[in-house]
Each structure stands twice: as C-alpha cells, then as structure tokens.
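Per this note's numbering, the sequence shown starts with residue 6, numbered consecutively.
Quick caveat, the hints were computed from the structure, so don't treat them as lab data.
Among the hints, a few may not be true.
DEER-style ranges, computed between Cβ atoms [what the hints assert, rightly or not]:
{"#": "1", "residue 1": "W124", "residue 2": "S328", "range": "37 to 47 Å"}
{"#": "2", "residue 1": "S321", "residue 2": "F237", "range": "42 to 52 Å"}
{"#": "3", "residue 1": "N71", "residue 2": "E27", "range": "25 to 35 Å"}
{"#": "4", "residue 1": "H121", "residue 2": "E27", "range": "19 to 29 Å"}
DSBU-like cross-link-like pairs, simulated, lysine-lysine; straight-line CA separation at most 30 Å [stated by the list, open to error]:
{"#": "5", "residue 1": "K133", "residue 2": "K41"}
{"#": "6", "residue 1": "K217", "residue 2": "K33"}
{"#": "7", "residue 1": "K217", "residue 2": "K133"}
{"#": "8", "residue 1": "K128", "residue 2": "K168"}
{"#": "9", "residue 1": "K128", "residue 2": "K169"}
{"#": "10", "residue 1": "K169", "residue 2": "K143"}
{"#": "11", "residue 1": "K143", "residue 2": "K133"}
All C-beta atoms in this analysis are idealised placements derived from N, C-alpha and C, irrespective of residue type, glycine included.
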Amino acid sequence: DLPQADREIDARDGQFGRDESEIAFELKHPGAEANKIRHLPQRPTILATMSANCQLNIYDLEKAVNENMENPLYTLDAHTQEGYGLNWHPQREGQLFSAAFDGCICAWDIGSLKSHQLWSIEKAHSGKSIGDLAFAPKRNNFFGTVGDDRQILLWDERILSSKKPCIQISSAHSDDINCIAFPPIDTNALDFLFTTGSADGTIKLWDCRFPKSELYHVQRPKDVVTLVWAPFETAVIAAAGADRRVAVYNFDSIHKPSSDQIPDQDLARFESEDSPTNADTPELLLEYAGHTDKLNDVSWNLSEEMLGASVATDNSLQIWWVSNEVYEDDFDDSYSFFASLLKDKANHDNTEAPQPKRPKLSTH
6 DLPQADREID
16 ARDGQFGRDE
26 SEIAFELKHP
36 GAEANKIRHL
46 PQRPTILATM
56 SANCQLNIYD
66 LEKAVNENME
76 NPLYTLDAHT
86 QEGYGLNWHP
96 QREGQLFSAA
106 FDGCICAWDI
116 GSLKSHQLWS
126 IEKAHSGKSI
136 GDLAFAPKRN
146 NFFGTVGDDR
156 QILLWDERIL
166 SSKKPCIQIS
176 SAHSDDINCI
186 AFPPIDTNAL
196 DFLFTTGSAD
206 GTIKLWDCRF
216 PKSELYHVQR
226 PKDVVTLVWA
236 PFETAVIAAA
246 GADRRVAVYN
256 FDSIHKPSSD
266 QIPDQDLARF
276 ESEDSPTNAD
286 TPELLLEYAG
296 HTDKLNDVSW
306 NLSEEMLGAS
316 VATDNSLQIW
326 WVSNEVYEDD
336 FDDSYSFFAS
346 LLKDKANHDN
356 TEAPQPKRPK
366 LSTH
C-alpha cells in the first residue's frame, strides 16, 4: 500500500520502495524487445506494442487471461526500421497510428480486430527518423510528429492527399526532437498548445497558431525522452529522460517579473540567460529521482490525482505520487499563465495562423 501523505519516509531503511507486487499474467513479445506500449482508450484491455524488430503487436488481455493466450492476436508489418511513435486515436475507436526511424507514418484500423492499413506517408521528415507522434485530443483530424530533422510537423487528415503537413516548424530545436505532447483536457485555453522535448535538453511550449517561435522553454540537464500532460490539471506536465529523473512542472507558475522588480545588479544576468536553471525555475514543481538509469516512459493515473508511474532501462517500474502538501500551494487561482500568455501573444504577433486548404464542395 502507498503510505499516507503525512507519514515521513526514509527509503534507506526499506520502509518504502520494496517490490511486493506479483505478476498476474505474462504476454509473449515475439522477435525483440518492446519499445512502446499503448492501450486503446475506449477498450483498455486492447494493447498495441511497437517492437524493436519493426513490427506492431496487438493483444487482447481478456482473451489472454480467459483463454490463456500469451501470444499477440496478430502482428502488423508496418515499418522497415524500429521506432517509438505509437498512439491510438483518442476519438476513433480502433484506429492506431505509428511512426518510426524509417521516416514513415502509418495509420491502421483495428476495428473488430480485423486490421488493415488506412494510409501511409513515406519520408515524412525528409527521410529522417521520426521520434514521436501525438494527437490533439480536441481536434479530431489533427496530429503532430517530430524527428531527427529538428522539425515539428502538424498534420490534418482531411488534406493528407497532398502528403504535406498543414504546419511546418523548422529548426524547432538545436538537436533531434524526441517527443511531442498535447494537453488532454478539454479547455479552450489549451486548444492550440503543445510541448516538445529534444536531445538538446530543452522542453518547449508552443502555440501552433503562432509557430514562429516557442512561447516558453525550460532546460533539462540531458536528453528529454518523454513528455506527458496530466489528465487532472491543465498546467501540469511530467518530463523524463537521460538524467534518470522525472521532472514535474506546473506551467501556471511561470511568472516573469517586470524589469522594475529586478535589482539592477541582477538585471543583466536575468536578460542574458536563455533559460532558468533548476534552482530558480518557478514552474518546476519537483523531481523524482528513484531510477538508476535512463527513463523510457511516464504515465499518469487517470483516477488518482498526482499518482504516476515510470519505467527505465534499469528494468524497473516505479510508482510515485506528489502529495497535496507539495502542489496545492503552488497554484494561484487569481492568475492564469496560459490565458495571459496567449492574450499577450495574440496582441504582439502579427502572423496569422496557417489555415489548411479545404477541398471545394460541389454546388450540384
């Protein structure tokens, strides 16, 4: 059991962190290790994995348990190289999207557990490796990809016949881009926001209506491998990667002071810094440092606020949570960073948002 929030814990004496779990059932993963695993949102017992041998594997946990079926229901030959871009469509049940190091994006229909490929785009990122693929949950046809070409590509499925993205952000980072994430909460303030993480160690917050530059960025010590917005709080996001830590940010705590609030001796330092350090980053809520090697993935619990889990190449799954005492005082109900930032951006950026070209409707 998880300890109570008001209980003091010293992990050095083994009070917490011991492996007391039991394996209920094992699934066989043929060919190679699993790079990514995702469950179907509408049917959580349906799993998809992306394998290091370039294949996608589909599992049904109910059949696995009830019929002792350890092997996948079927395997999809999707790519010629391995990858990590794997996501189910958040609204269309059974549609699975994948993107890999071969530079190809594929869409599959797993409806009724009879799979077929819907479409594919080759050399989407100029032939470079694609690091991740993610959907904008509120926009049914909108998804984004990132890759080793350091580009962010935002796609509209309604105009995929052109094989071109509707929005292209070049030189978005100074190194390979590993991950992209859209906020899952259905709020107008977050309609156009998303984040990206890169091998250059930066996490960037973007508004796709104004793609000339990021809204804000923070610096991590090493590669950022994964980003996950919290399902319970609009401003909370978890980041993890090569520094062996999970960093939890509250972007509503980004309060840039005006120059008259900064002492003269500190003004030059403040204006010259590209990004704040961990010591003076107001949006950094906490860092969890339980792993001993590079992290691969992070997930938030959909039912328990601030309860998360992470996996790493140290072959461990760790479950952790942020107590109410840590984060409740960090939120200021009288100020919304997102609202003020978006308003300021709209007032000062004369660039109009790129609009996808829609097919002409017949007048007959």
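Right, here's what the structure says about each hint:
no.	hint	verdict
1	W124 with S328: 37 to 47 Å	holds (46 Å)
2	S321 with F237: 42 to 52 Å	violated (25 Å)
3	N71 with E27: 25 to 35 Å	violated (19 Å)
4	H121 with E27: 19 to 29 Å	violated (38 Å)
5	K133 with K41	holds (20 Å)
6	K217 with K33	violated (46 Å)
7	K217 with K133	holds (22 Å)
8	K128 with K168	holds (10 Å)
9	K128 with K169	holds (10 Å)
10	K169 with K143	holds (22 Å)
11	K143 with K133	holds (29 Å)
Checked against the numbered hints given earlier, this structure breaks hints 2, 3, 4, 6; the rest are met.
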